[in-house]
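*Asks:* Residues per chain are reported as follows:
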Amino acid sequence: MRSAIPLASAGLAFRSLALAALLGALAFAAPGPAVAAADTPDPVADAAAFQKYFTDKFPKLKLADFVNGPYSLNEDMHRQWVEKEEFPPYDFSLDMGKEMFSKPFKNGKSYADCFPNQGIGIRQNYPYFDTKEGKVVTLELALNRCREANGEAPFSYVKDEMAALTAYMAYTSRGKPFDIKIPNDPRALEAYQNGKRYFYTRRGQLNFSCASCHVQNPGQRIRAEILAPALGILNAMPIYRSEWGGMGTISRRFVSCNSQTRGVPLEPQADEYRDLEYYLSYVSNGLPISGPGARP
Amino acid sequence: MASTIRVRATATGDTTEVQALIQHPMDSGFVKDAKGVLIPPHFIQQVTFEHDGKNVFVADWGTAVSKDPYVKFSFKGGKKDDELKISWVDNKGASDALTAKIQ
Amino acid sequence: MKTLKRNPMQTLILVLVSAWLIGSASSAMAAGSEADFKTAYAAAEAANTQAGVLRDQWTTTASALSAAKKAAAAGDFDAAVAHAGQAEALAKASIYQATSEKEAWKNLEIH
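Residue numbers (my numbering), protein chains in the order written: chain A, 1 to 296; chain B, 1001 to 1103; chain C, 2001 to 2111.
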């Protein structure tokens, strides 16, 4: 016989959860489309609809403006961004990244040997779908694989060295538009669709999906932060975030967004995160790389 | 070893605008590390900008200034190719200095 | 058959002792025993593991589970059972979320 106490608190927990879920759903409810999504994904149509949604929402912005996230949505923020770019806080990490990138491994090889065009000016092509492996490969993953293939220990995906390396590689691609490809391979389409599904799925006790904040509420505040639109949201990565007092990678942001909705984060570079990055990058095709960036 | 100080000073008319970014942890002493141990205070106590033998800007800092502080100010005087010396000292006695030319 | 004859005093003592035994047994259950904690914790953990298979565990579930463990280690099975019950409720809610979101995500999609 279960005693009354756990049942009562469970009942209370259920009620408070249901309430939280309801409030979450109400706060971020958008009128659902009359038709359900088609079963075969059409990335080209998706990307066009995605970009139209945001350009309609912010008609004063040029497409390229979206890559600066919240700094483009508010005059005061924009002024701060202009000032910040004169002397950006990511400068130290960028310099470190440049140094690291050119330093050879113990076996004499270097990062340049692992990447097309010596690793210069290629960031806009990542992530890509590796047809041999049947999975999405992100830039961060490729960097660590390069290290391991050359007898070096991998870096943590979330900060410091990985951020410095990706900062440098992004910098060499500044201005180049995202050019993510989905090969004619059902597995690639599936990865794309997985990423899309992840983006829109509610998770965590706070019952938010990525879309709750970045599709339904860009330009609005969540606590003291102004939310960025999902369009172009990866273009400035990696970022020096004042809140973090340091650099963070795409992996870091995915992990921290999960825990902020009270969802236990997945492992950095988990399949879901790789697919999510694939989707988000693809729908921002055509927008220029602006990384490394700075954010509040 | 690379300097912790980056500076850009631009003279326009009789005014020089100075921007500087200094690499420093600026630990307040109130933050705990991952193991729950307090990170001891480690912050710049004084930063000085000197031009033509005179201090044009001196700041006494404490724990309220954030990591990698950025400073921007203007002073009267200074012209192109003049030297500007920036130096800082922290609570552990460490210091760094850099001399730059006004653009 | 020989019936056992009790005098009224013996009957009273028998009734009182039985009542006390029943009373203390049920109060022990209401207070939560180690066995109760183990059952409740196992149930919560199982639900949370299932949520993990669905890739949707909540951080608050994990905190409730560790609070339960901590209370049990301190001998406070009352609180331990309560925390474990809450953890199970949270884990079950997360399973519900993951399951319903399998279709519900489409409602947020931009078309």
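Some clues are possibly wrong.
Straight-line distance between alpha carbons at most 25 angstroms, and here's what the computed DSS-like set of lysine-lysine pairs gives [said to hold, decoys possible]: (1) B:Lys1035 x A:Lys84; (2) C:Lys2069 x A:Lys135; (3) A:Lys159 x B:Lys1035; (4) A:Lys84 x A:Lys103; (5) C:Lys2106 x A:Lys181; (6) C:Lys2038 x B:Lys1035; (7) A:Lys106 x A:Lys176.
For the chain C half of the interface with chain A, some residues (derived, Cβ under 8 angstroms), not all of them [unchecked claim]: (8) Trp2058; (9) Asp2076; (10) Trp2105; (11) Glu2109; (12) His2111.
In short, the hints are calculated from the structure, not lab data. Here the structure is a predicted model, which means the values were calculated and not measured. We put the CB at the ideal spot given by N, CA and C, even for glycine.
*Asks:* It remains to establish, for every hint, whether it holds in the given structure.
*Replies:* Status of each hint after checking the structure:
Pair hint lysine 1035 of chain B plus lysine 84 of chain A does not hold up; C-alpha atoms about 33 angstroms apart against a cutoff of 25 angstroms. Taking the CA atoms of lysine 2069 of chain C and lysine 135 of chain A, the gap is about 39 angstroms. The hint is violated against a cut of 25 angstroms. As the CA atoms of lysine 159 of chain A and lysine 1035 of chain B are separated by approximately 18 angstroms, the hinted pair is consistent with the 25 angstroms bound. The straight-line distance between the Cα atoms of lysine 84 of chain A and lysine 103 of chain A is roughly 29 angstroms, outside the 25 angstroms bound, and the hint therefore fails.
With a C-alpha separation of about 24 angstroms, the suggested pair lysine 2106 of chain C and lysine 181 of chain A falls inside the 25 angstroms cut-off, and the hint holds. Distance hint between lysine 2038 of chain C and lysine 1035 of chain B is unfulfilled; the C-alpha atoms sit about 30 angstroms from each other, more than 25 angstroms. Between lysine 106 of chain A and lysine 176 of chain A the alpha-carbon distance is near 32 angstroms, which puts this suggested pair outside the 25 angstroms criterion. Of the supplied interface hints, the one on tryptophan 2058 of chain C holds, with its beta-carbon coming within about 5 angstroms of a beta-carbon of chain A, less than 8 angstroms.
Interface hint at aspartate 2076 of chain C: violated, since its Cβ lies 12 angstroms from the closest Cβ of chain A, which is beyond the 8 angstroms cut-off. Below 8 angstroms, beta-carbon pairs count as interface contacts, and tryptophan 2105 of chain C has one with chain A at about 4 angstroms; its hint therefore holds. About 5 angstroms separates the beta-carbon of glutamate 2109 of chain C from the nearest beta-carbon of chain A, less than 8 angstroms, and the hint is met. Of the supplied interface hints, the one on histidine 2111 of chain C holds, with its beta-carbon coming within about 5 angstroms of a beta-carbon of chain A, less than 8 angstroms.
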